[in-house]
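**Student:** Below are the chains, spelled out letter by letter.
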Amino acid sequence: MNSDTPIVIPRGWTARSRLIRDRSTILASCLLLAMAIPCFLAPLISPYDPAAQPDIVGLQSVAPSFAHPFGTDPFSRDVLSRVIYGGRLSLTVAIIATIVSVTLGTAYGAAAGYSNGIAGAILQRILDALLSIPRLLLLIAIFAAWRDAPLFYFILVLGFTGWYGLARLVRGQVLALKGRDFVQSARALGASRARIFFRHVLPNVWSPVIVAATLGIGHVIVLEAGLSYLGIGVRQPTASWGNIIQDGSDQMATHWWISFFPGMAIVLTVMAFNVLGDSLLKALEPRRSVME
Amino acid sequence: MAAFLARRIAQGLAVVMLVATTVFFLIHAAPGDPFSASMENPGITEGVRAAWRHTYGLDQPIGEQYVHYVASVARGDLGFSFSLQRPVADALGSALPNTLLLMTVALAAGFFIGIVVAIAQVRRRGKPADHILGAISIFLFSVPDFWLAMLILVAFAYWLPLFPIGGSVDPVMHDMMGSGARALDRVRHIILPGLTLALLYFPLIARHQRAALLDAITADYITTGRAKGVSEAHLVNRHALRNALLPIVTILGVAFPALLTGAVFVENVFSWPGMGRLIVNAIGSRDYPLLTAAVLLGSMFVIVGSIGADVLYRALDPRLRDEL
Numbered sequence: 001m002n003s004d005t006p007i008v009i010p011r012g013w014t015a016r017s018r019l020i021r022d023r024s025t026i027l028a029s030c031l032l033l034a035m036a037i038p039c040f041l042a043p044l045i046s047p048y049d050p051a052a053q054p055d056i057v058g059l060q061s062v063a064p065s066f067a068h069p070f071g072t073d074p075f076s077r078d079v080l081s082r083v084i085y086g087g088r089l090s091l092t093v094a095i096i097a098t099i100v101s102v103t104l105g106t107a108y109g110a111a112a113g114y115s116n117g118i119a120g121a122i123l124q125r126i127l128d129a130l131l132s133i134p135r136l137l138l139l140i141a142i143f144a145a146w147r148d149a150p151l152f153y154f155i156l157v158l159g160f161t162g163w164y165g166l167a168r169l170v171r172g173q174v175l176a177l178k179g180r181d182f183v184q185s186a187r188a189l190g191a192s193r194a195r196i197f198f199r200h201v202l203p204n205v206w207s208p209v210i211v212a213a214t215l216g217i218g219h220v221i222v223l224e225a226g227l228s229y230l231g232i233g234v235r236q237p238t239a240s241w242g243n244i245i246q247d248g249s250d251q252m253a254t255h256w257w258i259s260f261f262p263g264m265a266i267v268l269t270v271m272a273f274n275v276l277g278d279s280l281l282k283a284l285e286p287r288r289s290v291m292e
Numbered sequence: 001m002a003a004f005l006a007r008r009i010a011q012g013l014a015v016v017m018l019v020a021t022t023v024f025f026l027i028h029a030a031p032g033d034p035f036s037a038s039m040e041n042p043g044i045t046e047g048v049r050a051a052w053r054h055t056y057g058l059d060q061p062i063g064e065q066y067v068h069y070v071a072s073v074a075r076g077d078l079g080f081s082f083s084l085q086r087p088v089a090d091a092l093g094s095a096l097p098n099t100l101l102l103m104t105v106a107l108a109a110g111f112f113i114g115i116v117v118a119i120a121q122v123r124r125r126g127k128p129a130d131h132i133l134g135a136i137s138i139f140l141f142s143v144p145d146f147w148l149a150m151l152i153l154v155a156f157a158y159w160l161p162l163f164p165i166g167g168s169v170d171p172v173m174h175d176m177m178g179s180g181a182r183a184l185d186r187v188r189h190i191i192l193p194g195l196t197l198a199l200l201y202f203p204l205i206a207r208h209q210r211a212a213l214l215d216a217i218t219a220d221y222i223t224t225g226r227a228k229g230v231s232e233a234h235l236v237n238r239h240a241l242r243n244a245l246l247p248i249v250t251i252l253g254v255a256f257p258a259l260l261t262g263a264v265f266v267e268n269v270f271s272w273p274g275m276g277r278l279i280v281n282a283i284g285s286r287d288y289p290l291l292t293a294a295v296l297l298g299s300m301f302v303i304v305g306s307i308g309a310d311v312l313y314r315a316l317d318p319r320l321r322d323e324l
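Residue numbers (this note's numbering), protein chains in the order written: chain E, 1 to 292; chain S, 1 to 324.
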């Protein structure tokens, strides 16, 4: 019967110690570093130029070998080099887009939760409306029309369409905090609205924000890959994990390596982000540990 | 309940109109139009292009086009597809049943696998089986939809040719089959895409269900049952599960958009003649009316999903019925 008693966490345990004691956190962090470091050191590590097409006939779609550990693609480019450079791009896109969406989501959620009366109600209605737009379909429609938009705008649009869920979360958190004793005390002591907001409310919404950022990066990696796979994301000849998969998508049965390795890279990276996000959630908010 | 439904539906309609407006302007503000960018054939003269633009009303001021569009959407007319040369409502209407069929299969399979996995995990919580199932769930939660679909297609239609490579029926033989063989043909075609979507989708359910079960299992009535000597299996299957099934209903609302996203990619990989495939085929030709309608229909799906979840929740938990 011993294993059935709920685990009681001693008072002295902090979020940090919970995080460090969690083996999966360590594993996920190591995996993440193992994926990210080579990507960001791309020019030093990559064995070939990712865009070079040395021999379009002789080296077309060659199976993995010592010279080309991940094989070559239909244009005779080295898949390993493309996966490394593509990873740098995919990670950069995901990180910047997530910074944009987390900033927007936190700001909007805080504003919606903190404002009273009609303003608060309007902000909430707008959020409800935004939450019911299917993100992928919207992105497909936008990028089908704006097909030549530069990468910078692509990243911005990804960021601008990804903050609604977090805004809802932050709003709820702020609403709950508004009624708490320490906020009321600060008001009673005559603190200004701005001071209460920045000194007392905002520091307490960080944990959902950090968790959302971690999970969000993984989500954007998958989204970018999907859009690039559909041909409306990152453009050739620039490599991203999604468009490398597309390069090999119609010959998966015979030349599996072109699509397999970038896909594996996505899975490992996104899995690391998801495990990390989940561990953070467990450590920071033990009550709410459900992946959303 | 009626007042609640009426309010939610009115809100939903307002949202759909808002979405239509946003998407309309986002798309029309893009440089170029369907007849300049995608048809780079030099043989088509500027005169022909202008005539096409005139035919589809693209030469009018954007304000006028917008008023025209909103008016026709309000009448239920979603416009005329450039690339398919048929009304958008028609094209979507014939693709929708296929998508709904695929989603129903995926939803049923996903819920079933998810709940079974969650029960297995909770029965063996903290043991290796729990961790292994958790790891599989998080793997499938992280995998890109289209990549998993490609792997499954290659593995079970090419390398191990157990299933057809795509479509919803056999393109040649289906019409010549008897009714029994036809049904079998349909089942054979839906297994791979349905299974792929269910695999992508069950981790979400398993995670929520596991958490809900773990919550339920610390309740006093479970402790009482345990003190009375009720077996662990009986406690989980009969007592905890009943109370833990309720929260899962809310996932329906979350699940709909997830399923729709998955369907876009899975339909494409398996050439399933549904909405997702229609939408992706419209990308290349910049088919504005079709793309806008797809976003509209998608939003409606999401709204219907969340209203449905609310209604179901109320039906299952009498305590909520009085609240509005």
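Don't read these hints as lab results, they were simulated from the structure. Predicted model only: the values in this text are computed from it and were never measured. C-beta: ideal position from N, C-alpha, C; glycine also. One thing to keep in mind: the hints can contain errors.
Quick partial rundown of chain S residues pointing at chain E, CB under 10 Å, derived from the structure [to be verified]:
1. Met1
2. Trp52
3. Glu64
4. Val154
5. Val264
6. Met300
7. Phe301
**Student:** What hints, given by number in increasing order, does this structure fail?
**Tutor:** 1, 2 and 3
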